[in-house]
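Asker: As a plain string of letters, each chain reads:
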Amino acid sequence: MPRNRLAAAALAAVLATTLVACGGGTSGSASNTPVQGGTLHVLRATPFEGFDLDKETLNSTLQISQSVIEPLIRVGEDGKSLAPGIAASWSYNKSNTALTIKINPDAKFSNGKPVTADDVAFSVDRWKAGPNYGASFAGIKSVQKVDDKTVILHLAAPDTSLVAFLSWAIAGVVPKDFGGQSAADYFKSPIGAGAFKVEKWSANGDVVLAKNPDYYQPGRPYVDKVVSSFASDPNSVTLQLRSGQADMADDVLPVTASTLPKGVAHAGPEHSAQVLVMNTKVPGLADVDVRRGIGYAINFDDITKGAFKGFGTAPTGALPTNLSNWAPPSVPYFTHDVEKAKSLLAGKAPKKLQLLYSNDATSSAEAQIVQDNLAEVGITVQIKSADRSTAFGAMASGNYQMMLFSYSAISPDASDPAWFAVATHTIFTGFPVGDAVRILTDYAATDSKQAKMKAITRLQDLWTNEAPFIALANTRLIEAINNNVHGAHVAPWGIYYFDTIWKK
Amino acid sequence: MTDEVTGRFAFVARRVVSLVPLVLGILLLAMLLLSLAPGNPARNVTGPRASQGEVDKVAHQLGLDQPVWERYLHYVGKVSTGDLGTSLKTGQRVSGQIASQLPVTLSIAVLGVLIALVASVLLAIAAARRPDGIVDQAVRLIAVLGIGLPTFWVAIMAIRLIALPTGWFPVAGVGQGLLEHLRSYVLPAVVVGISTMAPMIRSLRATMIELYEAEFVLAARTLGFSGPSLVVGFQLRNAVPPLITVAAAQAGYALFGTVVVEVAFGLPGMGQGLATAASTQDFPLVQGYVIVFAVMIVLIYLFTDVINSIVDPRVRITA
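In order, the protein sequence lines correspond to chains A and B.
All residue numbers for the first sequence refer to the numbering used here, where the first residue is 2 and numbers rise by one.
All residue numbers for the second sequence refer to the numbering used here, where the first residue is 8 and numbers rise by one.
No wet-lab data here; the hints were simulated from the structure.
Computed from a predicted model, the values in this text were never measured in an experiment.
Careful: at least some of the hints might be erroneous.
As the list claims (entries may be wrong) - Below 20 Å or equal to it, Euclidean Cα-Cα: the simulated SDA-like pairs (lysine to any residue) are:
| hint | chain 1 | residue 1 | chain 2 | residue 2 |
| --- | --- | --- | --- | --- |
| 1 | A | 201 | B | 187 |
| 2 | A | 201 | B | 64 |
| 3 | B | 64 | A | 177 |
As the list claims (entries may be wrong) - So the derived list for chain A, only partly shown, Cβ under 8 Å to chain B, looks like this:
| hint | residue |
| --- | --- |
| 4 | 56 |
| 5 | 230 |
| 6 | 244 |
A virtual CB, placed ideally from N, CA and C, is assigned to each residue, including glycine.
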């Protein structure tokens, strides 16, 4: 990276960090008593995907969905643990092959009907049938109804990871047989046991949620209404927050954060893994030395400061950080070492490579840095931008050479993003997944934290040694929260519950 | 019923009928272009974790594995029964989604063109009074700025300089109730007006100056007409037909210009909807928008022809 660009990036990083409150994603003072009432106005950066659980992929959609169709288990306020929700308690048998779940006796759907074991059994079948997330629940062999408020999930193999997956928004509890409706009709206007019920929604417009008076958590939700508006333009996000028209904004870009009033931008802990994925089916990138050489050519400081404006750190492994049972690799992860890169690439380096990225400001800066870095080791990189959907489509169909991508968890367990990488054929690089599946199966089979961390280290080693992708940074997700908003506990992956929030 | 009125009805009917093959052609072109776009809509629908087998299954269920012409015929068959299909992603009916966004887009576009019309008439009259005078120079500068300034920038400036400090208008979004709706549309409509009025000003100014030397205007002046009665009764009246034609072209531009304005003002209109549908490769939604936009554009030109025939006795439209 040219020196003047680096200097400007460093200055921007200093400015940005001075403007940002580092509250670990939590706003408000715990000593304040929550206030009932009011409307919470939230800006989302992406269109709403609807309530069809298996089709939900974007954070803003997951967040809205879980507040209506709440899953069995909640994520703790620390963002690293699991907490009771509709499932008042849960326990495994000795062999970790059966999970008993006790349903909260107060849990009711927003039509006033209680949540029963039959509803949970029906919901499990729905999750398993989903083409997107179904494989994550395929290990549930059967659901046994013990009584109206107790179920046992019988598992095909020991699986201690399952409880984390039961906190996913897509694992929402729906009424048995969708309350007599077709699936399509139900998802148009769903009834769930969450803190809110749906008043109206559209993909590009407002999603309006009203308080569910039958919610099982006493006193919650605090606000009467939540209005989530689509704001795709960063300028509009800044202006709406400044004017007080919006109370919060999700997934704020680092460049936008520096334009917000002091104390409004809250950066979570380092989490999301920004990665350079390499198509191992492309002749030049099939060689592990080439992939590792590219890893050592990356200047991680440039990436964190230039592209992420200081909202991230150099990676210490391939997996997103700040998750339960996370552990680093036993071998050193990639660092900027041009000589090592050159020696690995000697005689093997492809002269030209194409790098695809989705056309946002952060990815554009990242792509230019990678281009500069690889030029230093003799690889000419042609950078090509596309809209998010097109870029993703190209990656998923293997029609790319290198691409910038990011992945993160949606629950507090280190195996969660690891399974995502495996389910996507190690994020569409075509790298064989057999070893990773074996490691993650070992992880799921044990309830020992130490053994789980050992498994994660083995996985980190595999992905460091074979380098199907290079983690470029672990970034901090930024949530904008105006000063009148309290009680937002934002998980490291950027999702939070609306029902804990109150406004002054 | 006079021959003229009968002829006008026949003309309108014929134009409405000719709209069908035109829209079908536009739809075919849109579907061809969509089929050439990279990416896989079925993958977008199923999600990243789905296996290729699941993606192929969904593609088959949605008919995305059929050739374009087959999909086209199937879709045209459905449209002929009034069914625009459902969104691939949200499962909502396309017609319902467009119907909820149409009022937003139409309100901004119509208000914007009205603002542009009023402003251009006033400015062009002022400019034409003394060609090359200070006022004329200022109006020409306004017209140049109207063409040159990016709509997006004008929108941001309007928010920063008007909405934010005064609080008179919302910074973004549509409020609840009729009054709040109108309040939400004022600034976006002004921005659309600014971005569309320049050609109207230039056209009207030129016509007004030209007409000032016309024989019938000279005759009117010798008969004692002057001031507003001369300008409005003789010059403006005869300058209106070309203005209507320019305004129609600008109304079409305004419809598409709302894409930028809707994004800047966070308005849930068709422009923003089309942009999102295209970026997520939600084919049924994109096709629905194409049909509605095409019909609106054709109707604008039809309306223009009819209005022109009414205001200008020299224009005759017949079937």
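Asker: Does each hint hold? Answer for all of them.
Answerer: Structure-based check of each hint:
1. A:201 x B:187: holds, 18 Å
2. A:201 x B:64: Given pair residue 201 of chain A, residue 64 of chain B is violated - Cα atoms ~31 Å apart, limit 20 Å.
3. B:64 x A:177: violated, 26 Å
4. 56: holds, 6 Å
5. 230: It holds, given that the least Cβ distance between residue 230 of chain A and chain B is near 5 Å, below 8 Å.
6. 244: holds, 4 Å
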